[in-house]
Amino acid sequence: MIFATVGTADLPFDRLVGELDRIAPELDHEITAQIGVATVEPERVEWFRFTDEETIERLYAEADVVVGHAGAGTVLTALINGTPTVVVPRRKELDEHKTEHQFDLADAIEDRPGVFVVRDIAALQAAIEAADRVELGSLERDRSLETFLADYVGARA
Amino acid sequence: MKIAIACNEGGHLTEAQLLSEAFDGHETVYLTYDTLRGRQLDERKHLFRKIGFNPLVMLVVTLQLLPVLLRERPDAVVTTGGEIAIPTLVLAKLLGIETVYVESWCRIRTRSGSGRLLYHVADLFLVQWPQLTDVYGEKARYEGALI
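Just so you know, the protein sequences line up as chains B and U, in that order. With our numbering applied, the first sequence corresponds to residues 1 to 157, in that order. With our numbering applied, the second sequence corresponds to residues 1 to 147, in that order.
So here's chain B without its partners, still in its complex pose (with noise of 0.2 Å):
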């Protein structure tokens, strides 16, 4: 299953809506799609715009690839279920974002296992497979900052 998100943010992002829509057919998956706000109705897959936390946890938990815009939320929240991700950040200039960071984190995180940047729409489809033939173990996560904010606070409050 492919679950497809653009988040909450109160900027359409159609063009990675559109896009899935247009590529449905090829992809061999059941997909759904979180599209938000967005001003395109897709056709192709099975859709809503916003749902409970029940449901999304459910569906980032089953999707065997994530195909995302690049915000934080998303991003942490697919490669900590040890999900291969397609990160699709939003562009300032064409309205799909309020700033160009969504591609800072696209850059920094590039390399990491499981992660797929898309920065041209036409990509989408190879990326989809791409991350679909990659198999992730669970995330190790090092918990340093949690580990510091806990003695920091423990000690002076």
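Treat the hints as calculated values from the structure; they're not laboratory data.
Taking beta-carbon pairs under 10 Å as the criterion, some of the chain B residues facing chain U (in silico):
| hint | residue |
| --- | --- |
| 1 | E53 |
| 2 | A70 |
| 3 | A72 |
| 4 | T74 |
| 5 | L79 |
| 6 | I80 |
| 7 | L105 |
| 8 | D107 |
| 9 | L139 |
| 10 | R141 |
| 11 | D142 |
| 12 | L145 |
| 13 | E146 |
Every value quoted in this text rests on a predicted model; they were computed, and no experiment measured them. We treat Cβ as the ideally placed atom computed from N, Cα and C, and that holds for glycine.
Got chain B; can you put chain U on it based on the hints?
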């Protein structure tokens, strides 16, 4: 100990929930926005109207936060940002509550709006990418990242 966790919706909330592992064993209360996810949050919480860039809503939320902080009396306020962090940390600071700002994981080379303002306010200012410490200044610390 009681930790208040202030955050915007979306990725900010996701990061806050992941980070909250740091506070296992302590009491936590969330200060976040009144969205579907906020309402479904299975935690002690207070929900506020989204501020965005609206100064009037910022004022209203500030006036609503004050009695909440006075009643809750947290030992520390930790934020993963978004603009809700601004009135929350400023009020907390004025009330003598320990303040911690954690810049978003998506901020690698550029500062967030709330980060830029609260760099001068927070007792502890953390970034999740080491290169961002130079962009912010001496006070910014890198002590690891969510992933």
